[in-house]
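Trainee: One line per chain: the protein sequences are E and V, in this order. To convert, note that position 247 of the first sequence is 662 in my numbering; the numbers rise steadily by one, no gaps. To convert, note that position 76 of the second sequence is 77 in my numbering; the numbers rise steadily by one, no gaps.
Some hints here could point you the wrong way.
[Claimed, not checked] Now the stretches of chain E that chain V is said to cover, found in silico as 3 or more residues with beta-carbon under 8 Å:
1) 653–661
2) 665–673
[Unchecked claim] Here are a few chain E residues that sit away from chain V, every Cβ distance over 12 Å (derived from the structure):
3) M470
4) I555
5) L587
6) E590
7) P612
8) F645
Think of the hints as simulated: they come from the structure by calculation, not from any bench. The beta carbon of each residue, even a glycine, is placed where N, CA and C say it ideally should be.
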Amino acid sequence: MAEATLSVRSRTSDPLPGFRLALFSTLLWVGLIVVLPLTALIVRPWQEGLGAMTMALHDGRMFAALRVSFFTAFIAALINVPVGLLLTWTLVRVQLPGRRIVDALIDLPFAIPTAVTGITLATLYGPQGWLGKPLAHLGISIAYSTAGIVVALMFVGLPFIVRSVEPVLRGLPPEQEEAAGLLGASSWQTVWRVVLPSLLPATVSGFGLAFARGIGEYGSVIFIAGNQPFRTEIAPLLVVVRLQEFDYAGATSIAFILLVASMLCLAGVAMLRRRVARGLITGVN
Amino acid sequence: MSALTRWSLVVATWLIVAVVLILPPLLVLSEALRDGLPTALQSLADPDAISAIRLTVEMTVLSVVINTVFGVLAAWLISKYRFPLRGVLVALIEIPISVSPVVAGLVWLLLFGSQGWWGAALDHYNIHIAFAPAGILLATLFVTFPYVTRTILPLMEQQGRDAEDAATLLGASFWQILWRVTLPDARWALLSGILLTTARAMGEFGAVSVVSGHIPGMTETMPLHIETLYNGYQSVAAFSMAALLAIMAMTTVGFRAFFENRARRAALAGDAGS
């Protein structure tokens, strides 16, 4: 503390003007918009006493909702890995007709507001929808089931995988693959043994970003999910339900778990990226 | 790569792109125009629709201005000075990105809701934040918090502070340095950050949904009004509003891509010049 005060005081002798103004405005902004509300989120569950906490921890519906959210986010991110790798590969390494269009379209899920995504996917995969109707003939129903949640989360998460892997693949020298070919490796061996290992860290970090986004996602999911408690009710929706019941303790405990989970995820991704940057993980030049 | 492999990759890619990325926007347009363009436009002229559009524009402008001004000052602070707990400050600014939209709304109810810390007290003075535009603004500010700082910070750190120190020696004031020395170099990045904030602010649904109270004509933004219309089986009106919002957001993001290209070229030219 003493050191901090000292350092701030000595900082005022920094000839570059504006330190105090920038410091105070930033502390005000971060304090009011980020620190204050998050403090409420962290303090509030304990304020209601241990009774409310234990009650929240015995809430079967909450665990069911968390399970649905984590499971669907995981499956969606997992399916997005091969799909995303395929798209990235063609985008970077194949002379793709309409490459610029595909490149621009990849970012579409980032650009479309989640409520628009939500009603669009619900209609598209609904029983009367362009895709839902033919799929229903095949006996596959997607809307209002777990599969619907996965479809929505896949749409939202796809750009994360592609945009994580793309710069790394661009940076890989094609000579490496040519050398593997010259040494007698088949193209499958080259892909499995040479290319994919180099892309692994970027793929994992794209997976982590998509997963973190998926567990908290709300707008694009609730229209297609069906929202049946214990079956297709996602955790963020249960937060809203608890709030409507004026159960602030219940809502806050779910919110707290969601916050910790996604922060752990993103911290993991950040750590992975730092290690790759420092060359601790091999395979990326 | 054999011709067969190459063509199967091309076909597979376009198939995925068509089903996953092209069908959804086509569906929005087709549903909006199902009864013709006049009906679609008429549904946007409904008083509740107009009120939603106006509220969205107001909230977007306010959050963009506030988060840009403070975001630039924060980036200046972090990039030009060394001080204790600097890393903690950077981490705090990044936090809102990892927070679920619903949680970003909930935190404001914990402070200003009827059962929140200060909700009842403020009600006493007739100040309403939860279920009022003020709450919507706070939720939007939280959700779009890091984007400006995040976009300009790497550039400003890379710039160092030699030019700023020289300007100080020549007697320039803080605002002169910021306005004439630092920001001109960072202008494309700044613009890109502002546009990203704009797109996120106008499209925010979860956070705003929690604090808004969903009062049509009063506290409904465009995304919330889309939900109300859709749940009320007013499909054409819902998709017309969705089309308008999607076009607004995609135009903003499109401009951003354009300016980012400019920024990249400017950076390359700068490297070549130095």
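Trainee: Does each hint hold? Answer for all of them.
Mentor: Verification of the supplied hints:
1. 653–661: n = 4 at 8 Å, threshold three: holds.
2. 665–673: holds (count 4)
3. M470: 16 Å, holds
4. I555: Answer for E/I555: holds, closest chain V Cβ roughly 14 Å.
5. L587: 15 Å, holds
6. E590: 15 Å, holds
7. P612: Check passes; 19 Å lies beyond 12 Å.
8. F645: Holds, since 19 Å exceeds 12 Å.
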